[in-house]
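Q: Residue strings, one per chain:
There are 2 protein chains.
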Amino acid sequence: MRARDLMVDYPTVALTDPAIDAARLLARSNLPGLIVVDDRGAPFAVLPGTQVLRLAVPVYIQDDPNLAAVIDEAAADVFLTELGERTVRDSLPPQPHELPVVDPDDTVLEVAALMARTRTPLVAVVDHGALLGAITLDRLLDRVLGA
Amino acid sequence: MRARDLMVDYPTVALTDPAIDAARLLARSNLPGLIVVDDRGAPFAVLPGTQVLRLAVPVYIQDDPNLAAVIDEAAADVFLTELGERTVRDSLPPQPHELPVVDPDDTVLEVAALMARTRTPLVAVVDHGALLGAITLDRLLDRVLGA
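Residue numbers (numbering that gives the first Met the number 0), protein chains in the order written: chain P, 0 to 146; chain Y, 0 to 146.
If you're looking for bench data, these hints aren't it; they were derived computationally from the structure.
It is possible that some hints are incorrect.
Chain P is faced by these chain Y residues, among others (derived, beta-carbon under 10 Å) [claimed, not checked]: (1) Ala26; (2) Ala41; (3) Phe43; (4) Val51; (5) Val56; (6) Val110; (7) Met114; (8) Thr119; (9) Val125; (10) Asp126; (11) Gly128; (12) Ala129; (13) Leu131; (14) Gly132; (15) Asp137; (16) Arg142.
C-beta: ideal position from N, C-alpha, C; glycine also.
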């Protein structure tokens with residue numbers, strides 16, 4: 000079993016898309032994360048769902064849990080709408096050293112090790128810079144465990 | 000909206016459960032992660048799905064991507080079955096400093112900030128040491144965005 004046997008079509012978001020639309024895509028489709036592509040359609044970032052949240056949670060609150068507690072309930076309820084007009088590019092968290100991207104010929108163990116190392120339940124399958132598809136953790140487990 | 004309004008019942012695994020059963024639960028139920036409870040039913044660990052993979056991917060392969068590439072395809076396909084008789088306790092990755100656990104009165108922003116900070120799309124809701132339920136990232140986004 001190789002990456003090419005596990006991959007499926009997967010929606011992408013562009014750097015110029017509104018960040019709120021990216022959050023809505025994640026929510027509506029119950030995706031484990033998002034693939035952000037550049038102008039040429041190549042993966043620029045692969046964000047686990049928790050890091051899509053970071054698009055919207057103010058940095059000072061991420062850094063200091065006590066500050067989250069002083070925001071009142073009504074304001075907390077609408078924190079995602081604070082994204083306003085910001086684009087995905089404006090809101091991207093600092094990029095990790097290693098992009099969760101695999102080659103179509105990589106084995107399931109290479110894919111699993113990459114997911115574990117990058118803590119990302121989603122990897123992009125890329126061949127010579129072109130995005131072929133994606134592998135989700137659910138899909139990998141289903142295939143490996145025969146679920 | 001408070002943690003108590005967002006939480007749902009969530010399956011747990013015990014430290015003494017076979018690790019392979021934990022992986023199967025994750026796969027079968029398409030869960031974003033697992034809550035591992037101790038003998039008294041209190042959360043001992045909250046593992047994002049990618050860290051459940053770490054139960055099975057040998058440590059030397061997690062540390063060195065090149066080593067994953069030298070395992071042949073047939074052996075790679077069955078890496079999860081190598082868990083054998085190991086329990087969840089035997090296989091647990093090193094514990095992070097911060098357990099993704101919230102109080103029933105925490106706001107949605109506090110829950111979101113914790114998910115972002117711990118990179119865990121699942122938090123346990125605990126009151127005086129007792130596990131009341133869990134909040135998944137999907138559930139949080141659906142409620143906040145009204146999806």
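Q: Which hint numbers does the structure go against, in order from smallest to largest?
A: 2, 3, 9, 10, 11, 12, 13 and 14
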